[in-house]
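Asks: Build the full structure now, drawing on both the sequences and the hints.
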Amino acid sequence: MRKTKWMRQLRDEWRRNPAFLVSFVFISLVVLAGTFAPALSPYPPGGLNEQRVLERPSQDHWLGTDELGRDLLTRILYGARVSLAVGLGTAFIALVIGTLYGLVSGYAGGAMDNLLMRVVDIFYGLPDLLIFVLLSLILGRNIGGVLIALGLITWVRFARIARGQVLQAKELIYVEGARAVGASHARILLRHILPNIFAPVLVTLTFSIPAAILTESTLSFIGLGINDPYSEWGTSWGTLAQDGWRAMRSYPHIILFPGLAIFLTILAFNFLGNGLRDILDPKGR
Amino acid sequence: MLRFLLRRTLYGLVVLWVVATLTFVLLRVLPGGPFDSERRLPPEVMVNIESKYHLNEPLPKQYSRYLTALLKADLGPSFKFIDRDVKDIIADTFPVSALLGVLALSFALAVSLPLGLLAATFRNRWIDRACVFLATLGISLPNFVLGALLIWIFSLKLGWLQAARWGQPSSAVLPMITLGAMPCAQLTYLLRSSLLETLNEDFIRTARAKGLREPVVLFKHAVRNSLIPVLTLLGPLFAIVVAGSFVVEFVFAIPGMGRFFITAVTDRDYPLIMGVTVVYTAILVCANLMVDILYSVVDPRMRAH
Numbered sequence: 017m018r019k020t021k022w023m024r025q026l027r028d029e030w031r032r033n034p035a036f037l038v039s040f041v042f043i044s045l046v047v048l049a050g051t052f053a054p055a056l057s058p059y060p061p062g063g064l065n066e067q068r069v070l071e072r073p074s075q076d077h078w079l080g081t082d083e084l085g086r087d088l089l090t091r092i093l094y095g096a097r098v099s100l101a102v103g104l105g106t107a108f109i110a111l112v113i114g115t116l117y118g119l120v121s122g123y124a125g126g127a128m129d130n131l132l133m134r135v136v137d138i139f140y141g142l143p144d145l146l147i148f149v150l151l152s153l154i155l156g157r158n159i160g161g162v163l164i165a166l167g168l169i170t171w172v173r174f175a176r177i178a179r180g181q182v183l184q185a186k187e188l189i190y191v192e193g194a195r196a197v198g199a200s201h202a203r204i205l206l207r208h209i210l211p212n213i214f215a216p217v218l219v220t221l222t223f224s225i226p227a228a229i230l231t232e233s234t235l236s237f238i239g240l241g242i243n244d245p246y247s248e249w250g251t252s253w254g255t256l257a258q259d260g261w262r263a264m265r266s267y268p269h270i271i272l273f274p275g276l277a278i279f280l281t282i283l284a285f286n287f288l289g290n291g292l293r294d295i296l297d298p299k300g301r
Numbered sequence: 360m361l362r363f364l365l366r367r368t369l370y371g372l373v374v375l376w377v378v379a380t381l382t383f384v385l386l387r388v389l390p391g392g393p394f395d396s397e398r399r400l401p402p403e404v405m406v407n408i409e410s411k412y413h414l415n416e417p418l419p420k421q422y423s424r425y426l427t428a429l430l431k432a433d434l435g436p437s438f439k440f441i442d443r444d445v446k447d448i449i450a451d452t453f454p455v456s457a458l459l460g461v462l463a464l465s466f467a468l469a470v471s472l473p474l475g476l477l478a479a480t481f482r483n484r485w486i487d488r489a490c491v492f493l494a495t496l497g498i499s500l501p502n503f504v505l506g507a508l509l510i511w512i513f514s515l516k517l518g519w520l521q522a523a524r525w526g527q528p529s530s531a532v533l534p535m536i537t538l539g540a541m542p543c544a545q546l547t548y549l550l551r552s553s554l555l556e557t558l559n560e561d562f563i564r565t566a567r568a569k570g571l572r573e574p575v576v577l578f579k580h581a582v583r584n585s586l587i588p589v590l591t592l593l594g595p596l597f598a599i600v601v602a603g604s605f606v607v608e609f610v611f612a613i614p615g616m617g618r619f620f621i622t623a624v625t626d627r628d629y630p631l632i633m634g635v636t637v638v639y640t641a642i643l644v645c646a647n648l649m650v651d652i653l654y655s656v657v658d659p660r661m662r663a664h
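Chains A and B, in that order, are what the protein sequence lines are.
Here the working numbering is used: the first residue of the first sequence is 17, the next is one more, and so on.
Here the working numbering is used: the first residue of the second sequence is 360, the next is one more, and so on.
If you're looking for bench data, these hints aren't it; they were derived computationally from the structure.
Only a predicted model underlies this, so the values are computations on that prediction, with no experimental measurement involved.
Don't take each hint at face value.
Stated by the list, open to error - If the Cβ cut is set under 7 Å, some of the chain A residues that face chain B in the computed set are:
(1) L64
(2) L145
(3) L150
(4) I238
(5) P268
Cβ atoms here follow ideal geometry from the backbone N, Cα and C, with glycine treated the same way.
Replies: Structure representation (structure tokens):
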């Protein structure tokens, strides 16, 4: 019964907001591109070719080549891995830390809640970008370091959302009932309250993925993000765009395609978030 | 009211102290110092340099020296730009960044107000959909991609506007649009939803019922009340503009604080990094405080909170 209702909502959503499903398909394609990059492209990501540098798009190289003769399409396919890893990884770290923090804070209430939320306030007041740059100097300009740094900045959003929801859920009758029959705090939190705050947290999660991708690619573009231009696993789209930036006057395609990849991916995640919010919280329309 | 402001000020000072301490600690535990260059310096020279910049003292002493200097607004000498104090560099570059930020925010307001208004009045019609779509595009377009696109079209292809050489009006247009696009999109979203909410209020129905013309209802009753939530967004918007200015200054070769910060990070110029970080934090804290004050002036309900 619940499942059919869900399906019907999805169908209505498609009629109302086709961008939502198009975005979903696009993101799936990006995921497939990143996962199967080696199978999709005949070229290795670091395949230098002195004979064919700075070529415009052609039959051999659909999106052209960069200043070292590397196939641009291949580099973009591999680069999807970096963006996805950063986006999903950051969102996951922030989700776990932030939601747990918010759950505990909201559930505890009183002085404890007050203290924990002051900490969140201070984190909110910090200049994100500067703190991120400083952290990544220490953690290293690699995916792991960037992930942790971004996660440490993003978690406060989840903490605030989760806490606000817990404060509401705490007053629900069946939560009171669970307390009355002597359920443990952990059980009440995980079994009764957590499922209740699922919807807004999911929406926050969807929006924090493009935010992380945006920050990472921007920082990689100005040379303060992931510094891995010769990686065999994948180079950040921001770094690719920086390569293109230096050659933009004569070879605009080298910045155009990575830029487009970043833009479309972020756009798709934002549309997905909008759609999810409409489905889960119809009031906001 | 006074208690509220005092508490907010105190909280702002705590944020500043946290950032100042964090930068200090983070930069000291970093591997590699500012004077590790390709060519190793003779040990005697290293000792001299380290004592000149007090790098040989124990950390707590360095920390207290740094904090007391900070209280006197002394940010120390730059490691990289010899003979220049960090304060001087910031004094030179800050007005540039501030002008850019003000231009971008003005642009954002000027564009988003009519867009948000249009979207709300024509709710769920194609104009509304187009405005919301535009705003989603604006939120998803990274600064550097937009900047590169604008340079390519208006500077390289059409030759209408300058892409660099900060200092004349024609070179400020593209950076202003690039930096303003993101705040503009967010403001449009917020204005739309805030207006939609206000238009459902009873006093709007009353205004219509007593026969006021629609423009009067809209501008005199609805818009003014919908602007209140916009104030809350001003703080975060400020942060977005500050963060964006790094990229925009990099892309358009603008001699502002952000560009110096980027070079300072690559050069490991500790005092300059710390100086810029502290100054930016101070600006954000002041901006948030101003928003709080404005808010309590505009909306008396906030004062009790």
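Asks: So, for every hint listed, does it hold in this structure?
Replies: Verification of the hints:
no. : hint : in the structure
1   : L64  : 25 Å, violated
2   : L145 : 4 Å, holds
3   : L150 : 5 Å, holds
4   : I238 : 5 Å, holds
5   : P268 : 5 Å, holds
Of the hints listed earlier, the one the structure fails to meet is number 1.
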